[in-house]
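Chemist: Whenever a hint applies, use it, and build me the whole structure from the sequences.
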Amino acid sequence: MHHWRSAVRALAAPVRIAIVLQLRESPRCVHELVDTLGVTQPLVSQHLRILKSAGVVRGERTGREVIYELVDDHLARIVVDAVAHAEEG
Numbered sequence: 125m126h127h128w129r130s131a132v133r134a135l136a137a138p139v140r141i142a143i144v145l146q147l148r149e150s151p152r153c154v155h156e157l158v159d160t161l162g163v164t165q166p167l168v169s170q171h172l173r174i175l176k177s178a179g180v181v182r183g184e185r186t187g188r189e190v191i192y193e194l195v196d197d198h199l200a201r202i203v204v205d206a207v208a209h210a211e212e213g
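Converting from the sequence shown to the working numbering requires adding 124 to each position, the first position being numbered 1.
If you're looking for bench data, these hints aren't it; they were derived computationally from the structure. Treat the hints with care, since some could be wrong.
[To be verified] Cut-off 20 angstroms, straight-line C-alpha distance, at most; resulting in silico cross-link-like pairs (SDA-like, lysine to any residue): (1) Lys176 with Ile141; (2) Lys176 with Val132; (3) Lys176 with Leu194; (4) Lys176 with Glu212; (5) Lys176 with Pro151; (6) Lys176 with Val158.
Computed from a prediction, not measured in an experiment: that's the story for all the values here.
Modeler: Below, the structure written as structure tokens:
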């Protein structure tokens, strides 16, 4: 029960929601997220740390980069539904 609380709390920031939506499309490294989201590298890294500690994403080192992916697509589907619902209203 504690895990879902951490995951939901981790999604309390718009940038983290945007990261989850990007990772739903495909695994990405930090610089790809920076380019796509238009925010700074330190900010993306900070949000990825929060998502990782909450068990939402995981990272795998590939050479000099870390490729991030979602741990479970279920949470991403909930985020997509929530965003769609918010845009309807």
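Chemist: Determine for every hint whether it applies to the structure shown.
Modeler: Results for each hint:
With a C-alpha separation of about 13 angstroms, the suggested pair lysine 176 and isoleucine 141 falls inside the 20 angstroms cut-off, and the hint holds. With a C-alpha separation of about 13 angstroms, the suggested pairing of lysine 176 with valine 132 holds against the 20 angstroms cut-off. Proximity of lysine 176 to leucine 194 is assessed by CA-CA distance (about 9 angstroms); at most 20 angstroms being required, the pair is judged to hold. With a CA separation close to 30 angstroms, the supplied pair lysine 176 and glutamate 212 exceeds the 20 angstroms bound.
With a C-alpha separation of about 14 angstroms, the suggested pair lysine 176 and proline 151 falls inside the 20 angstroms cut-off, and the hint holds. Restraint check: the Cα-Cα separation between lysine 176 and valine 158 comes to about 17 angstroms, which is no more than 20 angstroms; the hinted pair holds.
Going through the hint list in order, the structure does not satisfy hint 4, though it satisfies all others.
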